[in-house]
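Take the sequences, apply the hints, and build the full model.
There are 2 protein chains.
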Amino acid sequence: MTNQPTQAERDVMRDLIDRALDEAKDGGKAGIAAAVMRGDTLIARGLNEVHLRHDPTRHAEIVAISAATRALSDPDLSGCTLLTTLQPCEMCLSAMRFAGIRRVIYAAGRPDVVETKYFAFPGLTIPDFRRADHDDFTAIGGVDEDRIRHIYAMGAD
Amino acid sequence: MTNQPTQAERDVMRDLIDRALDEAKDGGKAGIAAAVMRGDTLIARGLNEVHLRHDPTRHAEIVAISAATRALSDPDLSGCTLLTTLQPCEMCLSAMRFAGIRRVIYAAGRPDVVETKYFAFPGLTIPDFRRADHDDFTAIGGVDEDRIRHIYAMGAD
Chain A
1 MTNQPTQAER
11 DVMRDLIDRA
21 LDEAKDGGKA
31 GIAAAVMRGD
41 TLIARGLNEV
51 HLRHDPTRHA
61 EIVAISAATR
71 ALSDPDLSGC
81 TLLTTLQPCE
91 MCLSAMRFAG
101 IRRVIYAAGR
111 PDVVETKYFA
121 FPGLTIPDFR
131 RADHDDFTAI
141 GGVDEDRIRH
151 IYAMGAD
Chain B
1 MTNQPTQAER
11 DVMRDLIDRA
21 LDEAKDGGKA
31 GIAAAVMRGD
41 TLIARGLNEV
51 HLRHDPTRHA
61 EIVAISAATR
71 ALSDPDLSGC
81 TLLTTLQPCE
91 MCLSAMRFAG
101 IRRVIYAAGR
111 PDVVETKYFA
121 FPGLTIPDFR
131 RADHDDFTAI
141 GGVDEDRIRH
151 IYAMGAD
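Same order as they appear, the protein sequences are chains A and B. Throughout the first sequence, residue numbering follows the numbering used here, covering 1 to 157 in sequence. Throughout the second sequence, residue numbering follows the numbering used here, covering 1 to 157 in sequence.
A few of these clues could be false.
[Unchecked claim] Computed, partial: chain B to chain A, Cβ under 10 angstroms:
1) I65
2) D74
3) C92
4) F129
[Said to hold, decoys possible] Now the in silico label distances, taken between C-beta atoms and shown as ranges:
5) B:T116 x A:P111: 28 to 34 angstroms
6) B:T116 x A:S73: 23 to 29 angstroms
7) A:R131 x B:G27: 31 to 37 angstroms
8) B:D11 x A:G100: 33 to 39 angstroms
9) B:G100 x A:A8: 37 to 43 angstroms
[Claimed, not checked] Listed next, the stretches of chain A that the computed footprint assigns to chain B, with coverage defined by at least 3 CB atoms under 8 angstroms from CB atoms of chain B:
10) 63-73
11) 109-123
Keep in mind that the hints were calculated from the coordinates and are not lab data. This structure is a prediction, so every number in the text was calculated from the model and none was measured. Beta carbons are placed, not taken as given, at the ideal position from N, Cα and C, and that holds for glycine.
Shown next, in the form of structure tokens:
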């Protein structure tokens, strides 16, 4: 797998950002969208459902990973790529690895956002997690971030 | 909050271990049980549903946290305690913190179990996560561990 997004991945990211921007217009929603792809095929998408279900575990990435495993009737998403409009938090990064996913592509990165809102352990970075992982993974950040970064930099809840 | 489990918490842990042992008799199930309590009141329980739903995000702690927030119609579980038969993985520890929970009690600890099976980032310990957390939390391990440790030490999947 390459360290650059494919054109199909860029197309899915553009669509995710459109969806996240739409969500963010609606007060109270987090405006985060995620997807799981296998090669250039979209398997499943997810939107943040925290407010919808009063459930802090329903991040967009968790929703997308769950939807992908259901779609494939297989908890193993090895070979898949996770795409998300915001750098995945520690919970979602762990979920990604439990699902066997070794590649993540995201738009806005943590340095540009309100980290205490979107991350549980601000002292740990993606390089920290990569070092702590027996089985390495690839993280590609900053894809199309100019379109979405402002949503996560506001700090409003 | 004390650093020792209360009698009510010990009673819930005993029940969780009974449930986890029951689950483990059924091949293919992880045999992990979790609960959320507020003071001495049980709010919700969860069993590992990974095999049931083909979904690697359905750890017992995630199921219990989701059930507790639904039960209270509130994503904020501040003041609650998470109990689990196995030291929470990185995903569940993050979910716990997103829910505002600052206290976790567990039975079996990571040194006694197959860490590559139950943890995504074996290089990071609970003290690492505590240091990385702006808002500290308390972890009490080893409660009643002698009854359940063998289940997680076997390595079978």
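Violations among the numbered hints, reported as their numbers in ascending order:
The structure conflicts with no hint, since it agrees with every one listed earlier.
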